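Colleague: In case you want the letters, here they are:
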Amino acid sequence: MVLKKYKNQIKVLLNKSYTYYIMYNFIVMDLRILFIVFFVVVSCKQESKVQEVSSNLVHENALKEKPNVDVYNFDAFEKFLNSTDDKVYVINFWATWCAPCIKELPHFEEINKTYKDKNVEVLLVSLDFPKQYEKKLIPFIEKHQLQSKVVALNDPDSNTWIPKVSEAWSGALPATIIYNKDKREFYEKSFSYEELKMEVNKFIK
Amino acid sequence: MKKSIKIVSALAIVLLVSAFTLNKKNVNSGYQVGDIATDFSLKNIDGKMVSLADFKEAKGFIVVFTCNTCPYAVAYEDRVEALNKKYAGKGYPVIAIMPNNTDVKPGDNLEAMQARAKAKGFTFPYLKDEGQKIYPEYGATKTPHVYLLQKTKKGNQVKYIGAIDDNYQDEAAVTKKYVENAVDALLAGKEIQEKETRAIGCSIKV
Chain A
1 MVLKKYKNQI KVLLNKSYTY YIMYNFIVMD LRILFIVFFV VVSCKQESKV
51 QEVSSNLVHE NALKEKPNVD VYNFDAFEKF LNSTDDKVYV INFWATWCAP
101 CIKELPHFEE INKTYKDKNV EVLLVSLDFP KQYEKKLIPF IEKHQLQSKV
151 VALNDPDSNT WIPKVSEAWS GALPATIIYN KDKREFYEKS FSYEELKMEV
201 NKFIK
Chain B
206 MKKSIKIVSA LAIVLLVSAF TLNKKNVNSG YQVGDIATDF SLKNIDGKMV
256 SLADFKEAKG FIVVFTCNTC PYAVAYEDRV EALNKKYAGK GYPVIAIMPN
306 NTDVKPGDNL EAMQARAKAK GFTFPYLKDE GQKIYPEYGA TKTPHVYLLQ
356 KTKKGNQVKY IGAIDDNYQD EAAVTKKYVE NAVDALLAGK EIQEKETRAI
406 GCSIKV
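Chains as they are written, first to last, in this note's numbering: chain A, 1 to 205; chain B, 206 to 411.
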């Protein structure tokens with residue numbers, strides 16, 4: 001029993017470790033930039049303070065723009081499917097290699113933007129392979145400037161967790177769940193913006 | 206008394222599930238385990254037409270809906286080939302069917318299929334579901350998607366539907382070889398333990 005508990009914790013930790021690895025990279029980058037800033041400041045002491053401040057600003061912006069993607073196994077991810085607050089959650093399962101997913105992604109972005117003040121939150125759950133996170137997923141998020149929250153779900157034993165997402169899901173991508181604390185709908189299909197809007201509206205009082 | 210409660214609750218669950226699935230554009234349409242699967246005549250990568258009826262000696266078939274362009278299907282290519290090597294001689298050959306619309310996915314057209322089969326040294330038929338008539342009958346929704354069939358007097362009966370194993374990422378980390386376990390059970394005349402499994406896959410392109 002105890003062993004099993006630890007095993008789960010290790011699993012979560014392992015998943016988290018990837019996030020830490022990315023954070024570590026940021027920190028290393030951070031240090032490098034700081035070093036450069038320091039070097040510039042030391043070598044040209046006469047430079048005005050304004051410039052120093054502006055370089056710090058650039059540095060902060062650079063940090064903000066680099067997207068961070070948290071990686072979850074299903075146990076850790078499941079909380080996103082069961083929020084009990086007053087929001088409407090639109091959860092889209094996708095991957096960068098999935099052409100119909102990419103096609104419908106702007107619709108989810110649009111919902112995220114236009115329905116924000118109606119208490120709707122979009123979550124994009126990437127099922128990209130872990131080795132593609134750095135190569136494909138993060139560059140994709142950067143390139144398309146995705147505004148919705150993106151997380152990665154990495155749990156190879158899909159036979160165990162797919163039915164927990166929905167009994168109706170065969171496992172094909174894309175797939176979407178819309179829910180609030182009162183009801184939930186599952187869709188194994190691609191959406192046009194009109195269709196998606198219609199479905200989301202059903203959840204808005 | 207206890208039994209009737211069980212039956213009633215089982216019925217309730219079935220009703221509940223069907224209520225949820227019926228309006229889902231028939232996601233679960235197609236074959237269930239126990240159904241008799243249709244035969245077909247589809248073009249192989251060598252240009253010849255292939256039907257299940259051609260395999261007089263076979264005891265059944267490992268029908269795999271798969272393609273070139275889906276990363277999950279690609280991840281399983283070697284394992285599908287290994288299945289054929291292991292079970293064709295025992296009476297359960299692999300029959301691979303490429304179900305995608307090749308106008309949408311040109312990377313899955315017949316030439317691309319030929320090239321892929323040659324590069325990977327496929328020893329099984331790799332058929333194209335021209336006109337996309339067969340995969341909806343089976344109810345395949347994604348690649349890869351396996352239907353294990355057993356020859357019976359009534360026809361080719363579906364014995365297992367689902368995934369190849371429980372880890373698409375890492376073959377070495379697989380703990381359950383669903384298809385192998387199912388074929389082994391059929392060969393041993395035993396009941397298949399897991400008759401249906403699910404896995405992430407690429408939706409079939411229409």
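Because the hints were derived from the structure by calculation, they are not lab data. Just so you know, these numbers come straight off a predicted model, no measurement behind them. Heads up, a few of these hints could be off.
[To be verified] Capping the alpha-carbon separation at 25 Å, the derived lysine-lysine pairs in DSS-like fashion look like this:
(1) A/K103 <-> B/K325
(2) B/K338 <-> A/K189
(3) A/K131 <-> B/K382
(4) B/K264 <-> A/K189
(5) B/K291 <-> A/K164
(6) B/K338 <-> A/K136
(7) A/K164 <-> A/K113
(8) A/K197 <-> B/K410
(9) A/K131 <-> A/K113
(10) B/K310 <-> A/K164
(11) A/K143 <-> B/K253
(12) B/K291 <-> B/K395
(13) A/K103 <-> B/K410
(14) A/K164 <-> B/K400
(15) B/K211 <-> A/K136
(16) B/K310 <-> B/K253
(17) A/K131 <-> B/K253
(18) B/K382 <-> A/K164
(19) B/K310 <-> B/K295
(20) B/K264 <-> A/K164
(21) B/K410 <-> A/K189
(22) B/K325 <-> A/K131
(23) B/K253 <-> A/K135
(24) A/K181 <-> A/K135
[Unchecked claim] What follows is a list of derived Cβ distance ranges for each label pair:
(25) B/E316 <-> A/D182: 49 to 59 Å
(26) A/P163 <-> B/G336: 48 to 58 Å
(27) B/G394 <-> A/D86: 38 to 48 Å
[Stated by the list, open to error] Which chain A residues stay away from chain B? Per the calculated CB distances, all over 12 Å, these:
(28) K79
(29) C98
(30) Q147
(31) E167
(32) E188
From the three backbone atoms N, C-alpha and C, an ideal C-beta is built for every residue, glycine too.
Colleague: Take the hints in turn and mark each one as holding or not.
Modeller: Against the structure, the hints come out as follows:
Between A/K103 and B/K325, the direct Cα distance comes to roughly 31 Å. Violation of the 25 Å bound is thereby established for this hinted pair. Distance hint between B/K338 and A/K189 is fulfilled; the C-alpha atoms sit about 19 Å from each other, no more than 25 Å. With a C-alpha separation of about 24 Å, the suggested pair A/K131 and B/K382 falls inside the 25 Å cut-off, and the hint holds. Using a Cα cut-off of 25 Å, the hinted pair B/K264 and A/K189 is violated, with the two alpha carbons roughly 36 Å apart.
About 33 Å separates the Cα atoms of B/K291 and A/K164, which puts this hinted pair outside 25 Å; it is violated. The hinted pair formed by B/K338 and A/K136 fails the criterion: a straight-line CA distance of about 34 Å is larger than 25 Å. Restraint check for A/K164 and A/K113: the C-alpha separation of about 29 Å exceeds 25 Å, so the hint is violated. Of the pairs offered as hints, the one joining A/K197 and B/K410 holds, with about 24 Å between alpha carbons and a cut-off of 25 Å not exceeded.
For the proposed pair A/K131 and A/K113, the alpha carbon gap of about 30 Å is over 25 Å, so the pair is violated. In summary, the hint linking B/K310 to A/K164 is not supported, as the alpha carbons are separated by about 31 Å, beyond the 25 Å threshold. This hinted pair does not check out: A/K143 and B/K253 have alpha carbons roughly 45 Å apart, beyond 25 Å. For the hint pairing B/K291 with B/K395, the CA-to-CA distance comes to about 19 Å; that is within 25 Å, so the pair holds.
At most 25 Å may separate the alpha-carbon atoms for a hinted pair to count; A/K103 and B/K410 meet this at roughly 13 Å. For the suggested pair A/K164 and B/K400, the alpha carbons sit about 18 Å apart, so the restraint of at most 25 Å is met. Proposed proximity of B/K211 and A/K136 is contradicted: the alpha carbons are some 49 Å apart, above 25 Å. A hinted pair counts as satisfied when its Cα atoms are at most 25 Å apart, and B/K310 with B/K253 qualifies at roughly 23 Å.
Only pairs whose Cα atoms come within 25 Å are accepted, and A/K131 paired with B/K253 is rejected, the gap being roughly 39 Å. The suggested pairing of B/K382 with A/K164 holds, with an alpha-carbon distance near 21 Å, which does not exceed 25 Å. This hinted pair does not check out: B/K310 and B/K295 have alpha carbons roughly 35 Å apart, beyond 25 Å. The hinted pair formed by B/K264 and A/K164 fails the criterion: a straight-line CA distance of about 35 Å is larger than 25 Å.
A C-alpha spacing of about 11 Å is found between B/K410 and A/K189, which places the hinted pair at or below 25 Å, so the restraint holds. Restraint check: the Cα-Cα separation between B/K325 and A/K131 comes to about 22 Å, which is no more than 25 Å; the hinted pair holds. Among the hinted pairs, B/K253 with A/K135 is inconsistent with the structure: their alpha-carbon atoms are about 41 Å apart, more than 25 Å. At most 25 Å may separate the alpha-carbon atoms for a hinted pair to count; A/K181 and A/K135 exceed this at roughly 37 Å.
Checked against the given bound of 49 to 59 Å, the beta carbons of B/E316 and A/D182, roughly 52 Å apart, stay inside it. For the pair A/P163 and B/G336, the supplied restraint of 48 to 58 Å is violated, since their beta-carbon distance comes to about 32 Å. Remark: the range hint 38 to 48 Å for B/G394 to A/D86 is contradicted by a beta-carbon distance near 57 Å. In this structure A/K79 is separated from chain B by more than 12 Å, as the shortest Cβ-Cβ distance comes to about 20 Å.
A cut-off of 12 Å between C-beta atoms contradicts the statement that A/C98 is not in contact with chain B; the least separation is 6 Å. The Cβ of A/Q147 lies farther than 12 Å from every Cβ of chain B, with a closest approach of about 25 Å, so its non-interface assignment holds. The non-interface label for A/E167 is inconsistent with chain B: the shortest C-beta to C-beta separation is roughly 6 Å, within 12 Å. Not every CB of chain B lies more than 12 Å from the CB of A/E188, the least distance being 5 Å, so the non-interface label is violated.
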